[in-house]
Amino acid sequence: MSDFITEALRLAPSEAPDWLSEQRQRGWSSWKSSKMPTRKTEDWKYTRLKALEQGAYLGRAERQKPSSPTLTTLREQLQVPGLDARMLVFVNGFYSPELSNTESTDGMDVVHFSEADETQVDTIRTHLGTVADSDKYMFAALSDSWLDDGVFVHVKSDSKVITPLHIVWLTVPQQEAFSLSQRLLVVMEPGSEATVVEHFASDGSQQNSFTNGVTELVLDANASLCHYRLHLEEEHALHIGGVHARLERDARLNSFHLGLGSTLKRLDVAVRHEGEGAHCDLNGIYLPQHHQHIDYHTCIEHIRPHCTSREAFRGIISDNARAVFNGRIHIHPDAQKTAAELSNKNLLTSDKAEVDTKPELEIYADDVKCAHGATVAQLDEYALYYLRSRGIARDDAQVMLSTGFINELINNLQHAPLGEYLKPLLGRLFAQQVTQAEGTD
Amino acid sequence: MLSIKNLHATVEGKEILRGVDLEIGAGEVHAIMGPNGSGKSTLGHVLTGRAGYDVTAGEVSFMGQDLLALEPEERALAGLFLAFQYPVEIPGVSNMEFLKTAVDEMRKYRELEALDSVSFMKLAREVCQRVSLDQSFLKRGINEGFSGGEKKRNELMQMMLLEPHLCILDETDSGLDIDALQVVASCVNAMRDGKRSFLLITHYQRLLDFIEPDYVHVLGGGRIVRSGDKSLALELEEHGYAWLENEAVQ
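In order, the protein sequence lines correspond to chains A and B. Read in order, the letters of the first sequence are residues 1 to 441 in my numbering. Read in order, the letters of the second sequence are residues 1001 to 1250 in my numbering.
In case anyone wonders, no lab produced these hints; they're calculated from the structure. Honestly, I wouldn't trust all of these hints.
As the list claims (entries may be wrong) - Calculated pairs, DSSO-like style, for lysine-lysine (alpha carbon to alpha carbon, straight line, at most 27 Å): (1) B/K1100 <-> B/K1139; (2) A/K65 <-> A/K35; (3) A/K50 <-> A/K65; (4) B/K1100 <-> A/K423; (5) B/K1195 <-> B/K1139; (6) A/K423 <-> B/K1139; (7) B/K1139 <-> B/K1151; (8) A/K423 <-> B/K1108; (9) B/K1151 <-> A/K345; (10) B/K1005 <-> B/K1139; (11) A/K50 <-> A/K136; (12) A/K40 <-> A/K358; (13) A/K35 <-> A/K136; (14) A/K423 <-> B/K1122; (15) B/K1122 <-> A/K345; (16) A/K50 <-> A/K358; (17) B/K1122 <-> B/K1139; (18) B/K1108 <-> B/K1122.
Said to hold, decoys possible - Stretches of chain A that chain B covers, calculated by requiring three or more beta carbons in the stretch to come under 8 Å of a beta carbon on chain B: (19) 381 to 391; (20) 403 to 413.
On a predicted model such as this, the values are computed, not experimentally measured, just so you know. Beta carbons are placed, not taken as given, at the ideal position from N, Cα and C, and that holds for glycine.
For reference, chain A alone in the conformation it holds in the complex (with noise of 0.2 Å):
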């Protein structure tokens, strides 16, 4: 057994709630079980897990003084002007009633598993755990075994809650590496409608954590969720995360991913169509600079007939970052009349950036449209002279076409303040890599 096999089992909790337990003890001999990968494992061929490996990330995540001055600085940046979202936010994975606004929506429950009542209890051990497969994701099966806590989201029947949630998970640096927890599952009963907004951040100073998140989402029949998930924390925050969703009968999920990059960071996206005529898209952004690395690994299981699905991915790669986007779309035997379509489009900023795309389509019905691309360019120079013929200097036009290269996937967001959120914020780190560039000219 590697070390960080074992030592990841020592950080299991010392208490949890007993109705927890089984399923904790799953994930327990599922992780010691299991092998740390290789390069020789497929699904973990270009991403290495030495940076977890070698940091020792074994001291316990600790609840922070609440409301520190920087807290609630930090608050302020984090909010969503416009969005008029319900806030939720977690400090190191501790929930902050401080930092948080603790109004109540109509037809949309939250709760804390361990202050979850009995009715409850039952919906969350009916569903968590069954949309995050611990024997094919190893680090499912991690974050079962330590699990204590986590956020469950409940939206009843036929709710049409208009109020965003967003939850902000926020890491702040310890004295020790330490490594946390994050946990959420999502359960959209027939008919509702909500969105949810998973936000990750830390303060302005070097980080040394390691997330271990795992997110499951459930769509009843005729339900609709719109999910964003944005990695927005600083780069030496590790992060390895899931996001799994199962689709009933006419769901639709909307889905949009932003990821910069980190010292190691692995997202997996896993969404099963189990009812006819599912719906879902699923899109998202990378931008890894520096010596950086992200990795998408993107699923979408059609096993029912007539669903549809539509997945648009882009990154930037600068300096000497490397990204991973591997987009499989599996189609049943049963699935007949599935629309799917997925695009990945990538662009290299720097002659020492790279990246590994790979679509995968597997195949067995056949009365299926299916259709799959992916590019890896470099910007075009042609379109740079001709933003420098109209008097904007070079370093302008690179950002610009940066920006414009993303914008088309953030121009289409369901909730437009976020795009607003995002842009400046995506436009300073673009400005940022041109001038750093330069510097090492």
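With chain A held as given, fit chain B onto it using these hints.
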């Protein structure tokens, strides 16, 4: 305004310009004609500083500055403008944002006060109307999904907003119907103020029916083989380029 002396240039190692001499004075309109491959567009791109278009000999001075020593953006700020034959599509960057950035840069360079968003919008809408483009084009990505004619109008719009000292129009008339051609002509004519100069690169005499040039030059084999007044264009229309090329060889 512009003085080109013995300009030689290569593209991908191939010599395209072989000693171009041209003087353009303030307020003058020059037309350059010539067969395909004679180096007309290359001349335009060499003047605006496109990478890969390498000057191997000669000098170009523009408003007293050594043009060839400047970066493309510096040339633009100095007042040189090229209306592209093939404008680039840049999805995701709105035309409005692009135009505003370009105008901001130009005003900064000219030490003029920056336009606030409202004044700029007003100006952009006026110019949009002037080139007969629907205002929805301001919101779209730069040239994204524009037809050939719409792209050319967008070039004119940039030209009018940037108010350059020398405008080079690279086959702006190609592929345009007669209405669009008249829009081009009326924009150019409206911008003729006795100081601003124009260099019209064109295949056809047709454009010159609407924009009367002071001088017409014929480019052949990378050099100017004949110069004259507007009657030269009519002569070319009648006889084609073949006789001139023979002459050049002799």
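Now the hints, each set against the structure:
no.: 1; hint: B/K1100 <-> B/K1139; verdict: holds, 12 Å
no.: 2; hint: A/K65 <-> A/K35; verdict: violated, 38 Å
no.: 3; hint: A/K50 <-> A/K65; verdict: violated, 32 Å
no.: 4; hint: B/K1100 <-> A/K423; verdict: holds, 17 Å
no.: 5; hint: B/K1195 <-> B/K1139; verdict: violated, 33 Å
no.: 6; hint: A/K423 <-> B/K1139; verdict: holds, 17 Å
no.: 7; hint: B/K1139 <-> B/K1151; verdict: holds, 14 Å
no.: 8; hint: A/K423 <-> B/K1108; verdict: holds, 24 Å
no.: 9; hint: B/K1151 <-> A/K345; verdict: holds, 25 Å
no.: 10; hint: B/K1005 <-> B/K1139; verdict: violated, 42 Å
no.: 11; hint: A/K50 <-> A/K136; verdict: holds, 21 Å
no.: 12; hint: A/K40 <-> A/K358; verdict: holds, 16 Å
no.: 13; hint: A/K35 <-> A/K136; verdict: holds, 12 Å
no.: 14; hint: A/K423 <-> B/K1122; verdict: holds, 25 Å
no.: 15; hint: B/K1122 <-> A/K345; verdict: violated, 36 Å
no.: 16; hint: A/K50 <-> A/K358; verdict: holds, 23 Å
no.: 17; hint: B/K1122 <-> B/K1139; verdict: holds, 14 Å
no.: 18; hint: B/K1108 <-> B/K1122; verdict: holds, 19 Å
no.: 19; hint: 381 to 391; verdict: holds (count 10)
no.: 20; hint: 403 to 413; verdict: holds (count 7)
Hint violations for this structure: numbers 2, 3, 5, 10 and 15, all remaining hints satisfied.
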